[in-house]
Amino acid sequence: MRRFVLKRIGSIAITLWLLATIVFVFVNVLPGDIGRKVLGPTAQPADVAAFNARLGTDRPLIEQYVTSMRRVFTLDFGESFQTGGPVTDLVLPALGRSAKLAILAFVITIPISIAAGIYAARRQDRLADRVTVNIGLASTSVPEFVTASVLLAVFAVQLQLGKVYANVPEGTSFLGQLDYLLLPALAMVVSYFGYIARMTRAGVIGALHADYTRTATMKGMDPGQVMRRHVLRNALAPTITVISVQIGYLFGGIVGVEKVFNYPGLGTMMLNAVGKKDIPVLQASVLIVGIIYMLSTLLADLVIAYLNPRVRLEAGR
Amino acid sequence: MSDVTKSQGEDEVITLAVAAGVSERRQARKESWRQIRRRPSFIIGVVIVTIWVLCALFPDAIAPFDPLNYRAELNQPPSGDHFFGTDKGGRDVFSRVIAGARDVLKIAPLAALLGVFGGVILGMLMGYLRGRFDTIASRIVEAFISLPVVLLGLLAITTLGNSNWVVIGVVATLFTPIVARTVRSAVLAERDLDYVTSARLRGESGAFIMFREILPNVMGPIIVELTIRVGYAVFTVATLSFLGAGPPPPSPDWGAQVSDNYNSIVAGFWWSTFFPAAAIASLVVAVNLIADAVQSVLGDS
Amino acid sequence: MTADQTRTGAALEVEDLKVVYTVRGIDREVLRGVSFSVAPGEAYGLVGESGCGKSTCAFAAVRYLPRNGRIVGGHVRVGGRDVTSMSQKDLQDFRAREASMVYQDPAQALNPTLRIGAQVTESFLLLGQKKAQARASALEALRKVRIADPERVMDRYPFQLSGGMQQRVVIAMALACNPKLLVLDEPTTGLDATVEAEVLDLVRVLRQESDAAVVMIAHNLGIIRSLCDRVGVMYAGRIVEEGPSGEVFDSPRHPYTVGLLRSLPRHGAHKTESALATIPGILPQIGTPLPTCVYVDRCPLADDVCQTQVPPKVPIADRGGFALCHHSDRIPEVEAQLDAVQISVLSPSDDSPDVLELSAVSKTFHQRGHDIPALVGVDLTLAAGDTLGIVGESGSGKSTLAKTILGIEAVDDGGVVALDGSELAPATNDRSADSKRAMQMVFQNPDSALNRSWSVRRILVRSMQKLTGIGGEEANTKVEALAAHLRLTPRHLDLKPRQLSGGLKQRVAIARAFAGDPRIVVCDEPTSALDVSVQAAILNLLASLQSENKTSYVFITHDMGVVRYLADRIAVMYLGRIMEIGSTDQIFDDGPNHPYTEALLSAVPSVDGEVRTRIPLAGEVPSPANPPAGCVFHTRCHRLVAGLCDVTEPEPIELAPGHLSRCHLDAATLAQPVKPPASVSG
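For the record, the sequence lines run as chains Z, S and H. Okay, so the first sequence: first residue is 1 according to our numbering, each after it adds one. Okay, so the second sequence: first residue is 1001 according to our numbering, each after it adds one. Okay, so the third sequence: first residue is 2001 according to our numbering, each after it adds one.
Because the hints were derived from the structure by calculation, they are not lab data. From a predicted model like this one, the values you see are computed outputs, not experimental measurements. Any given hint could turn out to be false.
Unchecked claim - Covered stretches of chain S (chain Z as the covering partner; in silico rule of three or more C-beta atoms under 8 angstroms from a C-beta of chain Z):
| hint | region |
| --- | --- |
| 1 | 1133-1144 |
| 2 | 1154-1165 |
| 3 | 1238-1250 |
| 4 | 1267-1277 |
Even for Gly, the Cβ is constructed at its ideal location relative to N, Cα and C.
Construct all of the structure, not just a fragment, from the sequences and the given hints.
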């Protein structure tokens, strides 16, 4: 097992390096003159040169690349163009606020969608199943910001439930915070419900048709016992994978949700950085999201290995 | 049903029986198409997409007002004159929603098509060549996949500047590794089949085997992937546009409309946000309903 | 009703059972009124070709049908209770206490995420036992199925056990409740011959300890004969003949049973003596309306009566049972007809020159830094027009040998594959066009071997062009001639493979292999995915193509009957080595054999009812990555000479001219019979 984890961490390091390279290409190679890009076409050439000199963007690409990679692996992302302060000072608090929102969203989503998936699978092809499947399809297809703006219009404005601005004032109690965070979290719940429910359903249906389920039924077990003891354990692996992928991908959707609710998380910070062309902040945020994705899929692999002895016992070899 | 098609005895009577088998099978294929066409979800999807395509093709015939330059009183609620009301600039929301179909319906399918094209070539090479090429390409694909498309797109479009072609190029590039992964696994399953061995035994080239022997057999998953990608492309383009990285202004793009107006929801002017948002939702859901129906027929049978 | 069915105290009574599958809204009849009964302690076999409904029958008996399956008529009674009308709760209880099942694929039948102990214990918990008691019972149950070290096995996961062990575990669970009804659905299909024999030995022993009524489904008639008291022969959803198994197989009374039995290579038949019988026509599609006799379209005796009247159950007085036939008294006519077509297709091969020569051929795979030798020092020759049969169990390297000959896998340095005396490049790609043309292959599974999006014509024309260089219309003409020769009509040429039956697909695959007039065709289990009546037609075809073209075959199979029929010489492989090689007569008749061959031959259940002394093999096949020292077979050998076999690897010695054995023991010693073992070991 330890070898398995070490191997996976090694492979994460390689993926992270490649990702950082891709990002480097996007932000340093493709745009050309960074100083000109940031300061705009009207800036004086001398100012542009000074800007590039300050940031090292006038150095040869190779040198910039090496510096950039060193920073990624030491988690030091340099200074923000806007504030001049370390990027990490900006990013980490914002990340913390986004994480709070994300955790709330997943705490709600996971039980609901797994339960819905199991429910649909047990009623395969009947009305309840069709309804669940199609609601799931529709809910995942709609972009998060669309759901968020509809929720905002309906609940916060028309029904006066929940807060329009999700920015939680300092010192708000736990329940008080919920009042602020519930609506934006709900927007994300709607988006992720469908994926997880549909994947759970598919996994459970697959396991219900498996030969070992037939064996269990033929032993004379009642359907509930068969589901708990034999089906779920095997069925949930794909669901776990999907959840881990969604945890990584949620940072794509959270940007829109944060914008709609004016929530000062990582997404809002990135949008500000986009407006100000603050490339170091953007680069750092994107890489951190990548790291979160990789860690959450690693965690999923560990859980799957725990559930499936074959993976566990063979992975270490 | 596999029992029916499995081994059977044979002799002179074969011809008759085969004829019967053929008609039955043709009927079966027709039957399954009829079944998907009968699905209410598929019909709804096609109807909605058709409506939006008509809006994109003939916006002037449908929209009562000029989406860009017409000005009326600001923030009027929906009425007989302005079905969807007017926005904070006094423009007719209905006309803007109609006009907004055009960019997304140009960009999304094209980006999806290019992404699938790239993904098929890359995935085919990875699955067929395997070995070192596959190992390295898989790593790069994995790195791409570890970031949400919207974020990488935002980053790339920020540095490249937004134009329709940049959006198409970026979305297609970001879809390529995703499609490649799907195609790769389909090809891996195929290349272990004996018809590939047989082709190698008679000395066929790699290109022939990949594109003449294997490709026709993985078209099913590729078509499914294409319909799914079109849905995601609409999703991605709308989101990027909402975040300010979509088609450049003054395009009346739906995402941009939501972005322009969502702040007025608080003042009670919900319609200028709601209708473009609903337009996005209807198109994405419609495309996904079609994709779902296609997948249920062509997917892993 | 016949005497058999009114027999009192039957444990299982199936009465006029009708089952349909609903496919695309249409009900298709799978069982068209099946009746049989099984007494306590009796074993009843159901045989028939694919699609005949035998498995449906088994699952209907315990009321476990697929979602689209439905019992639409008749009754199933177990111990007097009607299973077809039980409530869900009663059904659960019935399955827990009275009925059990053993399945075809044990690896799939066990839950991959639970330890064996948990799964076996569960069966006893369901009977109401307390935890500790259930665990003790589980250990006892594993011991009962001859698992030597049950504590250790309880702690394992299914994937850590071999196929044979997995099936023992499934059997242990099935016997937990001491069932009144035990259904075995192809319990040994997919297992190697020696493992199959052990599982069957076990079932035989356990039957004597229990009074369960056993229903056994198998497509292998030998298994049914060796294990079952009575047999029902199924065709198109009906039992067409029933009776004591030995008698049914020795003197069948239904034309279908006659055809089925005659299409098997039996009684040591060889291609040079007789062609195999085939049944005209094809199996009806599931659900085809067959209002009178189900076999009427293919029956040589069919007349107007058969077309218009449902045949009666004709009791067979001299042996019991019945035949569902208007003309069961005219069976000798069918036999005579079949005898009339028994013409020999081949003259025995003379001293032809060698076309293929392998010397010191080894193939080592590298996996995760380990060397896995799949072939070790194989030497052999193949003469023009000859068939070399290669037999061995899974992991013996027989498929690797085929791939290495063809260059799909490159031979290790030092090994030589020579065609007509000149050495070939290791990889196909580097071989000349002529040598590619000279060697082609027929694969096991035609579904995998034919490109499913190409038409038959395109498949054949492409091969013709690529192998012979003939192009355009000429290639097309030649393909049509070739196809006609293989009894494929022009109409077949424009179909896709999936529109053809399994047998026709295999004909197309054979036609493709012959498109370039090959010198050598490697056949890798070409009939193992086919039903026996189709297999017969394919074997006849291969034999006649060979005699016309002087083609040489390398014929890989696990079926001893098939290899005995078709091969001129036979090589027996174990762990990548040829253990014994000799003429077909030397291997099967003259002897003596290498100890492994001896065990392998003794494992095959005979449909002719020959009694052989079973030589059980101890332990399991060692991993090729880590072969035993000395003779690789010594860990399982019943003739082991300690201190010799486990130290020194034997060189092949000549038992007779052309008959080599890789064993330290000489011909005289090998000819001594072995003591029958005291008990079946685990």
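Quiz item: Of the numbered hints stated previously, which ones are contradicted by the structure, given in increasing order?
Solution: none
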